[in-house]
Structures are given as structure tokens and as C-alpha cells.
Amino acid sequence: MPLLQVEHMTHFFGGLRAVHDYNLSIEQGQIRGLIGPNGAGKSTIFNLITGVYRPSEGKVTFRGESIVGLPSHEIAALGMGRTFQNLRLWRHMSVLDHVKMSQYSQIDYGLIGAFFGTKRRNQQEKENTEKALQLLDLVGIRHLADSMVTNLPYGVQRRVEMARALAINPKLLLLDEPTAGMNPDELMDLMQVIRQVHNTFGLSIFLIEHRMKFVMELCERIQTLVFGEVIAEGTPKEIQNNPKVIEAYLGKEVET
Amino acid sequence: MGYFLQNIVNALQWGSFYALVAIGYSMVYGVLMLFNFAHGDVFMVGAYIGFFTASGLMALAAMGSIAIPGWLILILTLIIAMFLNSFVGMAVERIGYRPLRDAPRASAAITGLMIGIILETGNLALLGAQRRAFPPLIPPTVYKVGGVYITNQKIVIIVVALALTLALHQFVQHTKWGMAMRAMAYDFLVVPLMGIPINTIAALTFALGSALAAAAGVLYGVAYPVLGPYMGIIIGWKAFVAAILGGRGSILGAASAGFLLGFIEIFVTMIFPSTMRDFIAYTIILLILTFLPNGFFGEPYSAKLRL
Amino acid sequence: SGGGAKVIKVGINAPLTGSIPKVGEGTKYSAQMWLADINKAGGLQVGNKKYKVELVIEDNESKADSAVKANTKMITQDNVLVIIGPQSSKQAVPAGEVANNYKTPMISPWSTNPKTTLNRPWVFRGCFLDPFQGPVIANFVTNQFGFTKAAVLYDIASDYPKGLAEYFKKAWEKLHGAGSVVAYESFTHGDTDFSAQLTAINKSGAQFLFTPQYYSEVALIVKQAHQLGWNKPIVGSDSWGSAELIKLCGSDCYGDYFSTHYAAAGAKGATKAFIDRYNAKYGYVPDDVAALTWDSLNIAKTAIQNCGKLTGKIATDRKCVRDAMANIKNFDGITGKMTFNESGDPSKCAVIVKISDKGEFKFFKQVCPTK
Amino acid sequence: MEATSSVPTKRNAFNAWLSKQWMPYRQVSLLGWLLGSLVAVLLETFIGTSLAWALGMSDVPALFGFVVMLKQPELLPSIILYLLLIYFIPIAIVVRLTKSIANKIAGLLFRYPLWITALFHIVLLYAVIDVWAVMNDYRVLLAKLMMIAIITTLSLNVVNGYMGEFSCSHPGFLAVGAYTASIIMVLFFVNDKVMGPALLPPALGPFFFPIVLILGGVVAAFSALIVAIPSFHTRGDYLAIISLAFMFIIKSLIENLQVFGGARGFMGQPNLASLPVVFVWTIIAIWTINNFVRSTLGKAMNAVRDDETAADAMTVNTRNTKMTAFLFAAFWAGIAGGLFAHVMRYVNPGSFGIKKLAEVLAMVYFGGLNSVVGSIVGAIGFNFLSEMLRPLEILKWVIIPVLLILVMIFRPTGLIAFKDFDPEELLRPKNQTEEEV
Amino acid sequence: MLLSVENLQVSYGKIKALHGINFHIDEGEIVCIIGANGAGKSTTLRAISRMVPASPGSKMTYAGKDLLEYSADKVVSQLGISHVPEGRRLFGNLTVMENLILSAFARKDKKAIDRDIERVFGIFPRLEERKRQKAGTLSGGEQQMLAVGRAFVSARKLMLLDEPSMGLAPLLMLSVFDALKAINQEGTTILLVEQNARMALKFSQRGYVIETGNIVMEGKSEDLLNNPDVKKAYLGA
Ligand SMILES: Nc1ncnc2c1ncn2[C@@H]1O[C@H](COP(=O)(O)OP(=O)(O)OP(=O)(O)O)[C@@H](O)[C@H]1O
Ligand SMILES: Nc1ncnc2c1ncn2[C@@H]1O[C@H](COP(=O)(O)OP(=O)(O)OP(=O)(O)O)[C@@H](O)[C@H]1O
Ligand SMILES: [Mg+2]
Ligand SMILES: [Mg+2]
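Protein chains in written order, with our numbering: chain P, 1 to 256; chain Y, 1 to 307; chain S, 1 to 371; chain G, 1 to 437; chain B, 1 to 237.
Treat the hints with caution; some may be incorrect.
To give a feel for the contact side, a few chain S residues facing chain G, derived at Cβ under 8 Å [what the hints assert, rightly or not]:
1. Asp59
2. Lys63
3. Asp65
4. Val68
5. Lys69
6. Lys73
7. Gln77
8. Asn79
9. Val93
10. Ile156
11. Ser158
12. Lys162
13. Glu173
14. His176
15. Ser180
In silico DMTMM-like pairs for lysine to aspartate or glutamate, Cα to Cα no more than 20 Å straight-line [said to hold, decoys possible]:
16. B:Lys16 x B:Glu6
17. S:Lys52 x G:Asp59
18. Y:Lys176 x B:Glu118
19. G:Lys71 x S:Glu54
20. B:Lys59 x B:Glu69
21. B:Lys232 x P:Asp185
22. B:Lys14 x Y:Asp102
Now the stretches of chain S that chain Y is said to cover, found in silico as 3 or more residues with beta-carbon under 8 Å [said to hold, decoys possible]:
23. 9–23
24. 192–200
25. 225–236
Bear in mind the hints are in silico, worked out from the structure with no lab data behind them.
For glycine and all other residues, C-beta sits at the position ideal for the given N, C-alpha and C.
Work out the full structure, taking the sequences as your base and the hints as a guide.
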């Protein structure tokens, strides 16, 4: 059974058909890519899968459960972590709190614990802090744990998003243009991080990217979306040489 | 039937005031995304300016050789009060809002509230505790049309309210100044990058909003000729309700919500025991917003944020 | 405390800011005039000693909790001997509780709510009560015009109009049977548009309108009523009795009636003297609040003097003043003769005033409580 | 822009001198300060009155002389002298003398669970307040109202600060709590003309009072559903209107309930809200609210405020969070209302209108958003200011707004905003902490 | 020399973001600034367009005029410097068309404005399709097109571009850079900030490398492209 299965998903924004008859099946431990011109509907697909929008038509199954219509946070708690194309951090919270927050669904001390500060609560908060610090270590920003996110450089903010997404114990990680705003050097770093989390946690990863070097090196299979429809799917090699993809998306000369 | 029609006329007049104050509110709200809680009191100041202007003009007319007719005094009063009050608005912007431009909106709301209190108490301290009687610029003539009593005042008020609403709507939607105002509501930090002077736009917005408040104040003085320092509070808060019920920054929305509020209040009084008016009227509003979570013409809360 | 009582402190608890600043102003002016008189006499003669008198004026912002704070402060901090105020029942009811608890005599000049003095031996008032005024008006209208159908318009959120409207309704229905109040409409504090209520009143077939509102609202109600085609009598209560009424209402109010504590136009003797002095000093004819405050202050003064001597122990002196106050008989005030009953309320006559077509408040009739 | 740097001016020299003088006090633990204050207030109890007379004042200055200062400026030197003799000098001496011992005790206490230290400090704090207030009842009343204001402000900060809504419904919650508690108390424990004889022996009143207050809080929390449920679908300005409507509805409802006095108000509440009672409730409020906002469940409010979609995507149950925030805040507002009613022993719907709203909003934003300490400072500061300036009458309502505007301009989120309140930090001994603990 | 910057210092509160940098741009040039995250690239552009205040001691001259005497809006309306800010910063509540019209706020030449808007639509046909859509609902890349489009329409003697390629599909990225080149040939000077250092260096004539608020290297773009240090640090070699 695939980890995530999307069948015949279609979505309209008013009269605009943003996604049409989209299918996807991701196995445990795969890294998959989604590319396509701007406005093709890639981010929309992420939003549909994660429950931000509800698809007009289609089925989405995650870990054997149908998740269409579930609220975002329940889908996330099932093990689907994501990052956002335009950063969506919590302005007034520290880096550490960001990562702790994502463990919300794992908390079970309840309101009594929250109001009265029971032993159980203190225990759990402590454990959560430790786990959060480990994750920050993993993405290399432990030393910034107490800083507020607003003043951090863009690249660091991206890492916070990554650590935050990892804290929900994901089985599947959705990354929307994780390299945007990074220079090639940092891009290599990030690739390293992604490989590492992939290996450590055995996660599946599904990512949207415009930086071809990144996609081609990381992904096992890639889909190309144009006007909401998949025009090609295959290994990086196949995609790179697919004339339709070159015409609609890559162009002749590919820069990283 | 006459009873019903009479109440429609009543509601139209009452709604006109909510509408006029609400669009002034909505101007500032729509542009700077700020609650201008001083607006009700700016309205009060407008009414007072109107009072002094009108009294002065009437005194002039009384002693001078030239006979100025009442309607001319009204027009002059409207123009002068609108003009002068726009400076009050600009001063409010300068003192209470410009320094807080990148503060949380709620903080600016508090300064607005405080400026309002200063205007009220300032009035009380300077002009004393007595109420003022607005001079009768157009002596009321009562017409009886098929069991419905209408006065010339009512007609003037409703017509002016509608005209100002439409004019302002045109301005905000279709001129580049209007666009700049709306842009500023969204992200004022980049507005200068378009070569737009933000301080000018902000001042202009407050000036326009306050001019409208003055118009409302003068007409209010004509219809309800008792002025006091606290006259702006209730109408200000209710206009706040209307401005947002109409949808953020939408002039037509604010105006229609203003009229709607007038209609709700009048008709609730007509149908239910009048003691229950606020209870029922606000329950209706609460229900409207529960089912139309973005007001009438508004964008959803998160329109600004994109995934 | 107070090191042997060289000064007598009198507390004034008044709404200087808030929604009825004019009431506060009248209170304050009256008190200052009163103090000026005492100062001119070189102090207040008690027994064989002259005391300097100080006013402690506290603003209650027209809020209940502020009035309580002000009373507590004046009693426990400033050690006032007696308190005048608060004026509105909204503040006088809770503030009276404080005065009573601290055993400090207090007179509210203007609060007509029975609760203010009820079961509070230390609290007095300077005016008649709503349960008295309501029937006075009902009887007057019945006798004068022979009407049987009444309409009432009142502010539901304010204590005074609401109470009076209820007492009037009760009295009217007692006279003319249930349902004889054909329209009983209300609005909320701060409203200025009464068109819907007045339209309903118009339709109800009432023969007159009773509206126990403050003068500023009266002007609006009366004008709007006329604009909606109403041309029957409108009757009011003591809250109409301000010189401002005519300024605001103009000829629309001519010919209407209201009950009140005193009639300024055509007043005689001490009343006239007071009015003239006040007018000369502050430039307008004093409202009933000012007159009642004046009377209350003088009751306090009489009580202090009747006490005979001040010990300097504030608790003893307060007790003495209270007892003296309770024992005052036939105090001759500018708003009428007063004797307190056991709950601290004076039995006073009401005056019916007609607004003349020059806008003066003309004495029309006096109605006294039946013994 | 950068602060103009370090040419040693006179002002800088003065600042340096000042901070040098202040140095020793840096190491004074809270315990030390409390001890010092206790000595000062005791001193005032014993010699305050006589000293005041000696200095030409008629009585002990109730609010540290601020009120007197405005009424009789000529007394200014006396007041300063009084403050120095009763407060500043004794506190300074005691604090310095007991510095090391207080730190030792604090360190010793710190070895036990935190609640023991906390309790110790709280008892001491109460002693200070009690001794201070008992001097005269005006102080008692002010202290009570200030503490109630603290509860109110804190609870509003939960919604407006921590969750970032502009809720206007708080006067409504206060009213619900006030009326519920009053009605139950009067019905059950007071022989009253309106509600008839007490259903239970009035002597039981004090024991049931806490339960009744909680009931009031619970009813207020229930009424908060009216605002909380729409908040699932709408936020920001629209919710502000919903909450405002709620406030109007509650006020109108009470005005129409003749049984409870309507506009005339409701009185006869038993005299149960004594200083210690109000104090204990205030401490509980601060404690639970602070616990809540520091837990991950509470911080979820911040996540909802800063970016709801992101919060949702990170497993935060946004509905639960909003619901909890509104209900919890309303609960405490209800308690505050109940206490208020029993302090005033009279409530009327007019006390819960726009004026009240403006006042609580001002306290929250003045003190500081998203901060427990801020709310405490805001409530105390605002009440103090408003009492202190009372002699100015009308001008008071010009000066207070001007001050608030200045605060907003220079500290747009309030005096102390976005700060975690860590009791451990506060109670810790202040000398070279590492060795001691 | 069109723009010369001397000893430019900028601080955000206590954080000093620029420690006194010097550089210049000649008329008609394309100059790029590259550097790591947080190096201060965007801050440099913001300082030029007067969005952030420069600390005392900084000097900026533009066409012989003291830039520091102009406010942010006058820099655009009187000096003709346009700025595509980081993160697009569109007016999400206005339509695409309104965004474009607004960017010509300070211009009076109605005809020329229309022509420029047409031209933007020529480069980005997608925008013309979405003329009436609210900018806030455009896809990330579409937003980027509009952000660049706005700069075309507003004054353009000097164009400051902050990461114009961010989030653009490869094909589109090429067309944007082609368009920029064309504009440059028509006389617009361009100062480009890019993460995609290789792209930026290929496109520009000269480049500066900025590191934690200091310029550490400058030179002809080709030379930088071949410089081993640059290669190692910024080209991901
Ligand atoms: N809320 C919305 N309302 C209307 N149209 C929308 C909305 N959200 C997205 N769209 C439109 O749907 C299309 C797909 O958008 P989407 O954000 O999925 O693109 P994308 O593939 O992620 O592009 P990019 O690579 O530029 O981020 C776009 O044309 C966009 O304008
Ligand atoms: N508004 C701000 N408040 C505080 N610090 C800021 C602000 N903007 C930027 N900074 C800080 O100034 C420094 C320079 O930032 P700048 O945005 O100029 O970098 P950049 O080179 O453009 O980086 P990036 O490639 O991430 O866009 C960074 O350390 C950043 O954290
Ligand atoms: Mg996208
Ligand atoms: Mg940048």
C-alpha cells in the first residue's frame, strides 16, 4: 500500500481550473519531485493534500485513511509535515517555540496540566524541549534556539520551517520551493540536510522546486505539471530529455 | 400601511447618519486598516464647528443688510465645516496615527480612543457643560403624503447622504488616489516605492473622512439640534459596526450597512417591544456575521496572506 | 482624628465629568456659593465657636464605582463630617451604602429612587420620591384634561426615567384601568432618534405623551414628535426643569407641563434671592439640582449647628449631626418645607409648571402629599 | 538609528553615578525587598499618623502623597520628607542590612519545590499589602479594585494579546459573572426583600462564596461560546464587531430583566469580598493564567495569532485553541465580575458598557500585549493614575489619555510587552546564583 | 558616474547591517551584488531607495545630487529610481492592472504609461490574462512577474532589482533576463541583487561581493566568475 495516494483530483478557484485529474502515489521512503511553470498549480496541489483547500473532486488516501475533508491539523498529526513557499513563521515566537509548537498533537497533559502546571506537564514540556533542540541541531541552528524568528536571515528561517515540519514526526514531508532565496552554496548544505533527515527518519519527501540541479540530484521520480495537468512523469533523466518538458518548462539552457 | 411607510422614512433618515459616519470611518479603516475610534468624536467636533459657523452666519445675516436665505447658510455651513474639520482629521492623523504607523493596529486603536476622550473632555473644559442648540437653518416644513409625515429636512439629509456616498465610492475605486489609499491599506511600507508620498495619502484620507464626519455632524445638527460633548460616542461605535459589517474598506458596503443598521433599529422597535431593541438588533448583527463571516462586501480575513 | 476639629469638612460627590456634566456643574456652583456665604460670615457658628468650613469636591465621573471610591475616600481619608451627593440614583444608591456603613451622614439632593435611603438611617435626601411624583402627574392630567389614554416614552437604561415611568404607569392604570397606557415605549441612553417609538405612539391613539426625560432629550423628543404630526400635549417631570430646556427646545415646548421641585419664574422670597444671585454669578437660571443642592447644604448646616458643639472626634460628631438632621422639623428651603420621615425622605410638595408662550416656567399648581 | 555614542557628557556622568549607587541593590532578592517593604509599612502603622501631623498634614497620605500634592502643592516638601522617612530610607537600610541573609534564606527555600518558595513570598507580600491597607479603608477599597482590575486585564490580555483578537466583549463577561454570583449569593445566603429569605443559613455564605464565584465564571465562560464559535470562521475586525454586539446584547438583556432590578441595578450582596479573599483570587488568576500562556497549549494561541494556516499545518488544533482562550478568559472575567459585585455590593448594567470597555482596553494596551507582568503593571498603573489625578477633575481626562498616547507612541505594544513571566527567575536569590543553587 | 555610494552604514536597531560600504554605478551599466544570506544585499538596495535610513557619515550621490536629501517617494518620482523589493510586496487587494497603474503614480504622460503597460504584457502574457485578478491570489511566479512589471512601468532611469529570479521557472527566468537586457539597452541602468550568483554574473558587466556588511571583492563579472574564492563560496563548485 502506498503511503500517499491521490486519485483523480481536480480543483477549481471560481471558474479557474487550477488542478485537473491529478494522480499520485508515493511509497514509503521515496523522494519525489513536482516541477512546472509558474502558476501551474503545484502549490495548490500541496494545499489540497494538506487540507488547506478541499478538492472539488477526487480521493486522497494517506496511510490507508481517506483524508479528504479532514481539518489540516488532523492530517498533519497523521504524519504529514510541510513547509510553505512564502515563509510562514510565527513572528513573535522564538525558534525553539516554533519547534515545540509542532509537537502539539503529541501533548496529552490536557488543560488541567496547562492551567495548574502538573508534574506530567513539566515532564512533557521538558521532553519536548529536548526533542526540539535535537532537531535544531540536525538542521544546524541550535545556537539560535532563543532568538526571535523575525530578525533571522532568510536561509535560517527556511531551516526553522524545516525543523518545525520535522517535529510533527512526519512520515511524509512536503517541501514547497525549499531553496528559494538561497545561494548555490547554501543549496548544497540544504541538500545535505534533506538527505540526512531522509536517512535518519526514513521519511518520504515530496518537493516542488525550480532549481533543476537540486531536483535532479535528489528525486527518484519527477512529475511535470502544466496548467494543472501532468504532462510528464519519470526519472530525472527522462524528464530532462522530455521534449514536452523542455518546451514548456526547462528551455534549452538550464541554469541551476 | 402608512405606519409601515412612515417607518421606512424614519429608517432612511436614521440610516443616513449611520451611513455618513460609517463611510468616514470606512475611509480611514479601508486605507490604513486602523480603527479610528476618534471618528465619533471628530463627528462631534464637526457638528460643533457647524454650530459656530451657522450661528456666525446667521448673526451676520441678521445684522447685515444682505439677506442670506437659510438653505444658502446650510450649504455654506456644510462647506466651511467640512473644510475646517478636515484639518482636525489631519491633526488626529499627525498626532495619533503617523507615529504608530508600523505599530500593531490595536495600539493605534487605543490612541484613537484616547484622542476621542481628549476631544470630549477638551470640549467640556473649553465650552462648558451646557448643550448647544443647533440653529434651525431650514425651518422644518411637514408634508403629509398619504398618511406619511415627511419633512424637507429629511429629504435633504437622505439626498446628501446618498450623493456623498456615491461620490466617495467613485473616488476610491476609480482614481489613482483612491487606488493608492487601498494599496496603503495593504502594505504601506512599499507604497513609497511607487513614488507615492504616504504621509500625503494618509493625511488626505483622514481629511476626507473628517470632512464627511463634518457633513454628517452638520446634518445631524439640523435633524437633532442638541449638541453635547458626548454626542459622538454612541453613533461612533455604531458606525464602527456598520463600517465593518459592510466589509473592510468598501464605501458602498459601509453605506449600505449603515442604512441596514438604521432599518434594523427602527423596525425592531416597530415590531418588538422597544425595550428589547438593542438586544434584538445586535442579535441580528451577530447572526449576520456568524453566517456571513466577512461582512457584505468584504474580503476574508486572510486575503492578505497567501499560501 | 483631625487635631481637635478646627475645620469642618463637607464632602461633595458630584458628576463633574461623564454623561451629565451640567448636573455636576450646578452642584459645584451651588456649593461654592454656599461656602462663600459662610466665609463671609467668618465661618460656621456652632455653639459658641466659629469653624472654618472646607469643601471636598470629588468627581464621580457619573459612574457607580467611582462614586463609591469617592465616598470612601472622603470618609476615611478626608474625614468629612457630612456628604452632599451623589445626585443620580445610579451613583447615590451604592454610595449611600458606603456612607451608611461608615456611619457618615449623607444627603442626596436629587436622587428620587426609594432604594437610596431605604433601611439606611444615615442617608437622607433633599427631594421627593418617584412613588410620589408618578401619581402627582397622573392625577394632574386626569383632573386637568380628563384624558384616559396615556403614552409613555422613557429611557430604559437610566434609573430615574425608568423608575418614574413605572410609577406613573401604575398610578395611571389605577385611575383608568389596565391597558389605559396605550403606548409604553422606550429607548436607550444616548439615543437621539425616537421616530420609530413616536410613530408607534402616534398610532396608539394616546391623548397625551408623558416623557420623564432629561431636558436635552426632551428637546429632541418634542421636536420629533411634532415633525411626525403629533399635536397633543406632552407632559414631563422634574428632570425637565432646566433653563436649558427652552434654549434647546424653543417654541416646540411652549404650552407643555411638567412637575418639579420649584418654579423659577414667579418665585418669591428666598427662592427668588437664590435664583437672582446664581444668575448674576454664573449667567443662567439655576436648575432644580442647584436649588436642591443648596437646600441640602443648608440642611447639613442647620444640623451641624443644631448639634450644639463639635467634639473633634469625628465619629461622635457624625452621629450627632445625623441625629440632629433626623430631628429637623419644617426646614424652610427654597424648594419647599421639609421634614424627614424615619427613612430619611422629606415629605415635600411638588409643583406643576406650565411653560408659557414666552418660554418661562410658570407656576401652575402645587400638589402636596396627603398626610 | 543608532544612539549617539560615548562622549562623556554631564548626563552620562550622572547616569554612571546613578547606576553605581544602584549596584548594591541589584543583588537584593525579592525576599529582601518584601522584608524592607514590610518594615516600612509597619513603621507607617506605628508612627505614620504622628509623623504626618508633625509635618503639617491632616492624615497619612493615602496614595504616597500624590493626591495631596495636587490639592495642596505647598505640602510638597512635607510629603517628600514623609516618603523618605517612612519608605525610602527604611527600605534602603533594611534591604542592605538583610541582603545576604535574605539571599541565604531565598537560596535555602529554593532547594524545596518551587511552590514552597512561592507560598512564602506570597504570604509576605500579603502581609505588606494588608499592613499598608489597614491604615485606612480607602486604601483597602483601592487595593481590592486594583486586584480585580489585574484579573480583568490579564484575562483580556489572553484574548487580545496572546491570541491577537480585538475582542470587545469583556464588559459582557464581567457583567455575566457579576450578576450570576450576586444573584446566587443573595438568593441563598441573604435575607432580602427582593429575592426573599435566604434559602440556606447566611452563616454558610463565606464557605460557598468561592463556589459561587466559580459558578459565575463558568456561566461567563458559557456565554463566551457566543463569541468563540463565530471565531472559528472569522477573525480580526469582524470578530471585533461580534464581540461588541455581544456586549450590547448582555447589557440590554440585563436592562430587561426586571427581576434583577433592570437598569436600577441589583444590590444586597453580602460583604464577603474582603482583602484576603480578593488577594487569594488574584494570585490564583495570575498563577493559572501564567501557567497556561507558558505551556505549549497556551502558546498555540500565539501561533494562531501570528499565522493560523501555519498553525493548522503544524498539528495545532486551532478551534480548540480559540475555544480555550475565549472560555478561559471569560471565566476569569466572570470571577473578576463576581468579586467586583461583592466589593461594590451593588451592580447595574450601566457599569458594563463602552466606558468599561475603553478602560480595560486601555489597561491591557498600556501595560503591554502578550505579557503577564505587563497586565499587572497596566492595571495597577492605570488605577493608580486615575485615583491620583482625581483632584484635577476634568483635566484628569485630558492628562490620562495624553499619557497613554505617549506610551503608545514610544512603546507601541505597551510598557512591558512580549515577555515571559518566569516566577523562578523572580524568586531566585540574586547573589552569584550559580553557587547558591 | 550615475550613482556613487561612500561609507554607507545602516543599522536595524542595535544590529549593524552595513559597515560602511563603497561602490559606484556608471550610466547604462548592469552591476550585480552577490553574497550569502543576511550579508546585507537587500539592505543596500533599501538604503538607496531610502526605505531604511542611512546612519550619519554615509554618503550617496545620484546624478550629482545628494540622495540623502530625498524621501523614499521622491527618489522614485523625482530621481527615477525604481526598486523591485525582496519578497515581491504586491498590493494583494488590488488587481493586476491596478497594481500596474499605481506604479505609475508619479508619472503624468498617460500615453507613455499605456505603452509601458502594453510592453509588460508583451513580456509576461500571463499577466494580461490575469489583468483583473487580485494580485494576492496569483501564483508565486505570477506575482514575481507582476513585481518586475511594476518596476518597468514606474520611473526607470535606475532599476534596483532584489532577487528577480526567485521562484521563477527556468524558462521564464530566461525571458525576464532577456527583457531586462533589452531595457538596459534602451538606457536603463540596472543594479541587480541575486542569490543565483552564476546567472547574475553572466548577466552583468561588473560585480561586487558582499559579506556580513562589507564589500570584500569587486571586479569585472567574468573575472569574478572565474575567481576560485567566489567559485567556492557562491557558485557551489
Ligand atoms: N485563492 C485563489 N483564488 C484564485 N486563484 C488562485 C488562488 N490560488 C491560486 N490561484 C491560481 O491558481 C493557479 C495555480 O497557483 P499555484 O499557486 O498552485 O501555482 P504554482 O504552480 O505553485 O506556481 P509557482 O511556481 O509560481 O508558485 C495560479 O494561476 C493562481 O493564480
Ligand atoms: N527589518 C529588520 N530588522 C532587523 N534586522 C534586519 C532587518 N532586515 C534585515 N536585518 C538584518 O540585517 C542583515 C542584512 O539583511 P539583508 O536583508 O540586507 O540581507 P540579504 O543580503 O539581502 O540576505 P538575503 O539573501 O537573505 O535576502 C541580516 O543580518 C538581517 O538579519
Ligand atoms: Mg507555488
Ligand atoms: Mg535580501
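Results for each hint:
1. Interface hint status for Asp59 (chain S): upheld, as the beta-carbon distance to the closest one in chain G is roughly 5 Å, under 8 Å.
2. Annotation: interface hint on Lys63 (chain S) holds; nearest CB of chain G at approximately 7 Å, less than 8 Å.
3. A cut of 8 Å between beta carbons decides the hint on Asp65 (chain S): the least distance to chain G is about 6 Å, and the hint holds.
4. Of the supplied interface hints, the one on Val68 (chain S) holds, with its beta-carbon coming within about 6 Å of a beta-carbon of chain G, less than 8 Å.
5. This hint holds: Lys69 (chain S) has a C-beta 6 Å from the nearest C-beta of chain G, less than the 8 Å allowed.
6. Satisfaction of the interface hint for Lys73 (chain S) is found here, the shortest Cβ-Cβ separation to chain G being roughly 5 Å, below the 8 Å cut-off.
7. A distance limit of 8 Å between C-beta atoms decides the matter here; for Gln77 (chain S) the minimum to chain G is near 5 Å, and the interface restraint holds.
8. A hinted interface residue such as Asn79 (chain S) counts as satisfied when its beta carbon comes closer than 8 Å to some beta carbon of chain G; here the least separation is about 7 Å, so the hint holds.
9. Hint on Val93 (chain S) holds. Least Cβ distance to chain G is approximately 6 Å, under the 8 Å limit.
10. For the restraint placing Ile156 (chain S) at the interface with chain G, the shortest Cβ-Cβ distance is roughly 5 Å, inside the 8 Å limit, so the hint holds.
11. Given the 8 Å rule on beta carbons, the hint for Ser158 (chain S) holds: about 6 Å separates it from the nearest Cβ of chain G.
12. Restraint check, Lys162 (chain S) versus chain G: the minimum CB separation of about 5 Å is within 8 Å; hint holds.
13. Evaluation of the Glu173 (chain S) hint against chain G yields a violated restraint, the C-beta minimum of about 16 Å exceeding 8 Å.
14. Restraint check, His176 (chain S) versus chain G: the minimum CB separation of about 23 Å is more than 8 Å; hint violated.
15. Of the supplied interface hints, the one on Ser180 (chain S) is violated, with its beta-carbon coming no nearer than about 21 Å to a beta-carbon of chain G, more than 8 Å.
16. Taken as a hint, the Lys16 (chain B) and Glu6 (chain B) pair is honoured in the structure, with Cα atoms around 16 Å apart against an allowance of 20 Å.
17. For the hint linking Lys52 (chain S) to Asp59 (chain G), the alpha-carbon distance of about 18 Å falls within 20 Å, and the restraint holds.
18. Distance hint between Lys176 (chain Y) and Glu118 (chain B) is fulfilled; the C-alpha atoms sit about 19 Å from each other, no more than 20 Å.
19. Pair hint Lys71 (chain G) plus Glu54 (chain S) holds up; C-alpha atoms about 13 Å apart against a cutoff of 20 Å.
20. The straight-line distance between the Cα atoms of Lys59 (chain B) and Glu69 (chain B) is roughly 11 Å, inside the 20 Å bound, and the hint therefore holds.
21. Of the supplied pair hints, the one linking Lys232 (chain B) and Asp185 (chain P) holds, its CA atoms being roughly 8 Å apart against a limit of 20 Å.
22. In summary, the hint linking Lys14 (chain B) to Asp102 (chain Y) is supported, as the alpha carbons are separated by about 18 Å, within the 20 Å threshold.
23. Here's how the segment 9–23 of chain S fares: 4 of its residues keep a CB closer than 8 Å to some CB of chain Y, so the rule of at least three is met and the hint holds.
24. A count of 7 residues in the segment 192–200 of chain S with a Cβ less than 8 Å from any Cβ of chain Y is obtained; the coverage claim is therefore met, three being the minimum.
25. Evaluation of the coverage hint for the segment 225–236 of chain S: fulfilled, as 4 residues show C-beta separations to chain Y shorter than 8 Å, against a requirement of three.
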